[in-house]
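**Q** Chains A and B, in that order, are what the protein sequence lines are.
Mapping of the first sequence onto my numbering: residues 10 to 565, in sequence order.
Mapping of the second sequence onto my numbering: residues 380 to 526, in sequence order.
Hints are computed from structural coordinates only; laboratory data are not their basis.
Since the model is a prediction, treat every value here as computed from it, not as a measurement.
Warning: the hint list may mix true and false statements.
[Unchecked claim] Listed below are the simulated DSS-like cross-link pairs for lysine-lysine, each with C-alpha atoms no more than 25 Å apart in a straight line:
| # | chain 1 | residue 1 | chain 2 | residue 2 |
| --- | --- | --- | --- | --- |
| 1 | A | LYS530 | A | LYS501 |
| 2 | B | LYS464 | B | LYS418 |
| 3 | B | LYS406 | B | LYS453 |
| 4 | B | LYS406 | A | LYS385 |
| 5 | A | LYS181 | A | LYS243 |
| 6 | B | LYS418 | B | LYS407 |
| 7 | A | LYS462 | B | LYS506 |
| 8 | B | LYS506 | B | LYS418 |
| 9 | A | LYS414 | A | LYS424 |
| 10 | A | LYS424 | B | LYS407 |
| 11 | A | LYS403 | B | LYS453 |
| 12 | A | LYS403 | A | LYS497 |
| 13 | B | LYS453 | A | LYS385 |
| 14 | B | LYS506 | B | LYS406 |
| 15 | B | LYS443 | B | LYS464 |
| 16 | A | LYS403 | A | LYS433 |
| 17 | B | LYS407 | B | LYS506 |
| 18 | B | LYS407 | A | LYS385 |
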Amino acid sequence: MSAASLRQELEEARATIRALHEELEETNRGLAALAFELEERVDERTAELRRSEGMLRSVFRAAPVGIGVVSNRILGWTNDKLREMTGYSAEELEGKSSRILYVSDEEYERVGRIKYAQAEAGDVAAAETQLLTKSGDTVDVLMNATATDVRDPQASIVFAVMDITDRKSAEKSLRESERRFRRAIEYAPFPIMIHAEDGEVIQVNEVWTELTGYPAATLRTTNEWTEKAYRDQKGPVRNLIGNLYGIDRRVREGEFEIRTADGDSRIWDFESAPLGRLPDGRRMVISIAKDVTERKQAEQEVQRLNEDLERRVDERTAELTAANAELESFSYSVSHDLRAPLRAIGGFAQMLEEECAETLDEEGRRLLNVIRSSAKDMGQLIDDLLAFSRLGRKAMTFTDVEMDKLAREVFQQIKVFEPERSVKFVVHDIPRARTDRAMIREVLANLIGNACKYTRPRERAIIEFGGRAGDAENVYWIKDNGVGFDMKYAEKLFQVFQRLHSADEFEGTGIGLALVERIVKRHDGRLWAEGVVNQGATFFFALPSRGKHDESDESC
Amino acid sequence: MSQTSPVEILLVEDNPHDVELTLRALKKHNVANRLHMVKDGAEAIDFLFASGAYEDRDPNDRPKLILLDLKLPKVGGLEVLRAVKSDERTRNIPVVVLTSSREEKDIVESYRLSVNSYIVKPVDFDKFLNAVGEVGLYWLLLNVSPF
Numbered sequence: 010m011s012a013a014s015l016r017q018e019l020e021e022a023r024a025t026i027r028a029l030h031e032e033l034e035e036t037n038r039g040l041a042a043l044a045f046e047l048e049e050r051v052d053e054r055t056a057e058l059r060r061s062e063g064m065l066r067s068v069f070r071a072a073p074v075g076i077g078v079v080s081n082r083i084l085g086w087t088n089d090k091l092r093e094m095t096g097y098s099a100e101e102l103e104g105k106s107s108r109i110l111y112v113s114d115e116e117y118e119r120v121g122r123i124k125y126a127q128a129e130a131g132d133v134a135a136a137e138t139q140l141l142t143k144s145g146d147t148v149d150v151l152m153n154a155t156a157t158d159v160r161d162p163q164a165s166i167v168f169a170v171m172d173i174t175d176r177k178s179a180e181k182s183l184r185e186s187e188r189r190f191r192r193a194i195e196y197a198p199f200p201i202m203i204h205a206e207d208g209e210v211i212q213v214n215e216v217w218t219e220l221t222g223y224p225a226a227t228l229r230t231t232n233e234w235t236e237k238a239y240r241d242q243k244g245p246v247r248n249l250i251g252n253l254y255g256i257d258r259r260v261r262e263g264e265f266e267i268r269t270a271d272g273d274s275r276i277w278d279f280e281s282a283p284l285g286r287l288p289d290g291r292r293m294v295i296s297i298a299k300d301v302t303e304r305k306q307a308e309q310e311v312q313r314l315n316e317d318l319e320r321r322v323d324e325r326t327a328e329l330t331a332a333n334a335e336l337e338s339f340s341y342s343v344s345h346d347l348r349a350p351l352r353a354i355g356g357f358a359q360m361l362e363e364e365c366a367e368t369l370d371e372e373g374r375r376l377l378n379v380i381r382s383s384a385k386d387m388g389q390l391i392d393d394l395l396a397f398s399r400l401g402r403k404a405m406t407f408t409d410v411e412m413d414k415l416a417r418e419v420f421q422q423i424k425v426f427e428p429e430r431s432v433k434f435v436v437h438d439i440p441r442a443r444t445d446r447a448m449i450r451e452v453l454a455n456l457i458g459n460a461c462k463y464t465r466p467r468e469r470a471i472i473e474f475g476g477r478a479g480d481a482e483n484v485y486w487i488k489d490n491g492v493g494f495d496m497k498y499a500e501k502l503f504q505v506f507q508r509l510h511s512a513d514e515f516e517g518t519g520i521g522l523a524l525v526e527r528i529v530k531r532h533d534g535r536l537w538a539e540g541v542v543n544q545g546a547t548f549f550f551a552l553p554s555r556g557k558h559d560e561s562d563e564s565c
Numbered sequence: 380m381s382q383t384s385p386v387e388i389l390l391v392e393d394n395p396h397d398v399e400l401t402l403r404a405l406k407k408h409n410v411a412n413r414l415h416m417v418k419d420g421a422e423a424i425d426f427l428f429a430s431g432a433y434e435d436r437d438p439n440d441r442p443k444l445i446l447l448d449l450k451l452p453k454v455g456g457l458e459v460l461r462a463v464k465s466d467e468r469t470r471n472i473p474v475v476v477l478t479s480s481r482e483e484k485d486i487v488e489s490y491r492l493s494v495n496s497y498i499v500k501p502v503d504f505d506k507f508l509n510a511v512g513e514v515g516l517y518w519l520l521l522n523v524s525p526f
């Protein structure tokens with residue numbers, strides 16, 4: 010090889026090196042610029058990261074929830090809120106097992122399982138649990154957790170806990186309130202059912218199931234209920250229930266006969282009221298029943314007793330009617346058959362007297378007279394008795410009777426029989442009476458007749474008739490100045506056949522005053538007498554003042 | 380008023396004593412001239428309608444007055460009254476019920492059946508005499524009958 014060629018080769022090598030050197034220099038310059046740029050960018054990023062981390066820390070710090078980081082179940086960083094909630098300081102928590110925040114191992118494991126399972130899936134886990142504070146209290150919390158690196162969730166988990174004590178206690182009191190409400194329904198003494206418009210039975214209480222014998226489990230819908238309780242009658246009842254969901258106030262559906270599991274029937278009186286809506290919007294109705302079976306039975310019993318009573322009254326009335334009819338036929342017989350022989354006794358005695366007048370002496374005529382007058386007395390007795398018995402059967406006709414006029418009329422008729430006597434009849438101002446005229450005439454005839462009879466020994470007999478009107482009753486009185494009576498016999502006066510005088514003193518059958526009493530009693534009135542021996546007697550009778558009566562304007 | 384026409388009274392009475400008293404009363408008043416007496420309602424109807432034991436009687440020979448007791452054996456007085464008053468032939472014969480019954484239903488029923496008089500027999504003999512006598516006098520002598 011030549012030197013020239015060597016030189017040339019060297020020259021060429023030098024040129025290459027120079028070029029390489031230049032290239033290297035160029036590259037170095039470029040690298041330096043790149044390094045600078047990189048450095049700038051790292052600084053920028055670092056500042057950004059610092060800002061970001063600072064913001065994150067501020068967020069964590071300011072967050073209203075407790076936040077912490079757990080690595081391999083060891084507590085790391087925690088925020089103020091978490092420390093505030095737990096009562097621990099940062100130092101007390103950092104590096105400790107997260108177990109210290111849980112109330113029990115079981116709870117620790119349970120929440121842990123939820124947390125890691127979700128974390129591995131890349132999700133946010135959520136669990137309600139309780140935090141155990143340093144002082145040993147518990148706080149209801151909702152815990153959310155997520156892994157910072159899905160590939161290794163154990164490595165780092167961020168968790169946040171929110172104090173839900175208030176929500177919990179609100180829920181609790183709501184639950185309790187609802188429980189109370191359910192219990193109130195459950196133990197209410199009436200059958201109660203709460204049902205929704207789609208037929209679901211929301212609640213049916215104890216009394217309902219006890220009285221019917223259908224367990225609550227068999228009454229899941231109102232249709233199940235109506236099927237059991239109403240059977241063939243369920244149609245109209247279902248319609249009725251269907252119409253209940255539109256009501257806006259309490260309604261009374263009325264009484265229904267329901268059938269129990271035993272096959273008995275009971276009467277329930279239903280009322281229903283709207284109960285608002287379920288969360289899903291279905292309208293609810295509360296139906297309350299009153300079991301009125303016993304009351305109904307009692308009512309039926311009362312009705313039965315009434316009917317029974319009426320039947321018995323009818324029977325008694327029929328018996329009485331029969332007895333009356335018997336009495337009537339009896340008195341008919343008495344009136345006919347008893348009088349016939351009397352007529353014969355009297356008549357034949359007289360015939361004897363007439364036809365054998367010459368052969369009879371004074372004593373014989375006297376004896377015949379006794380026979381005749383006895384027959385006559387007995388005839389009178391029979392007539393009086395018949396009048397007395399007839400009185401009970403006679404229907405009464407009430408009219409306004411002018412008592413003073415009637416009394417004068419009666420007195421005139423009585424006076425005819427003893428025209429020779431001096432009897433002064435004084436009629437005072439007397440109210441009218443609402444009464445049966447024929448009957449009250451009988452009363453006056455007897456009382457005035459008695460007054461005439463028992464004043465017979467008086468040279469100047471005075472009979473007074475007076476009366477006064479009252480609100481409830483009118484009282485009338487007839488007073489005489491006759492022989493009077495002893496008050497100790499007063500109660501005997503009005504008894505049949507009771508006499509206070511012998512027949513030869515004063516004639517009579519002992520029926521007149523009994524008749525008077527019977528008439529007054531049929532008027533719902535009262536009768537009484539006052540008397541003094543030898544000074545006269547006063548007989549009072551009071552008649553109810555039925556309707557309006559006018560004062561008599563006549564006086565004597 | 381003439382007395383030439385024969386007086387005929389049908390007395391329907393089962394009580395012999397009342398019969399005797401009635402006869403006496405009528406005699407006293409001179410109106411018992413031609414009296415026929417039957418003891419029960421059935422016999423009274425036979426007499427009036429010429430049937431049974433009275434078959435041979437002339438049915439046109441009607442009494443001028445019937446004195447009728449109500450309480451009679453076999454056929455009662457009210458039945459006799461109904462028979463008399465519902466038959467054309469006998470309707471015009473005056474019927475006087477002479478009875479002991481003062482029962483309202485007897486009185487009402489008698490008048491409903493068109494009785495001519497209703498007399499309650501008085502127990503007192505004098506009154507009885509007067510009552511029966513006057514009834515006889517009135518219907519036989521004073522009353523102008525259509526036949």
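**Q** Indicate, hint by hint, whether the structure satisfies it.
**A** How the hints compare with the structure:
no.	hint	in the structure
1	A:LYS530 <-> A:LYS501	16 Å, holds
2	B:LYS464 <-> B:LYS418	20 Å, holds
3	B:LYS406 <-> B:LYS453	29 Å, violated
4	B:LYS406 <-> A:LYS385	23 Å, holds
5	A:LYS181 <-> A:LYS243	41 Å, violated
6	B:LYS418 <-> B:LYS407	22 Å, holds
7	A:LYS462 <-> B:LYS506	23 Å, holds
8	B:LYS506 <-> B:LYS418	24 Å, holds
9	A:LYS414 <-> A:LYS424	15 Å, holds
10	A:LYS424 <-> B:LYS407	32 Å, violated
11	A:LYS403 <-> B:LYS453	30 Å, violated
12	A:LYS403 <-> A:LYS497	33 Å, violated
13	B:LYS453 <-> A:LYS385	31 Å, violated
14	B:LYS506 <-> B:LYS406	15 Å, holds
15	B:LYS443 <-> B:LYS464	14 Å, holds
16	A:LYS403 <-> A:LYS433	34 Å, violated
17	B:LYS407 <-> B:LYS506	13 Å, holds
18	B:LYS407 <-> A:LYS385	22 Å, holds
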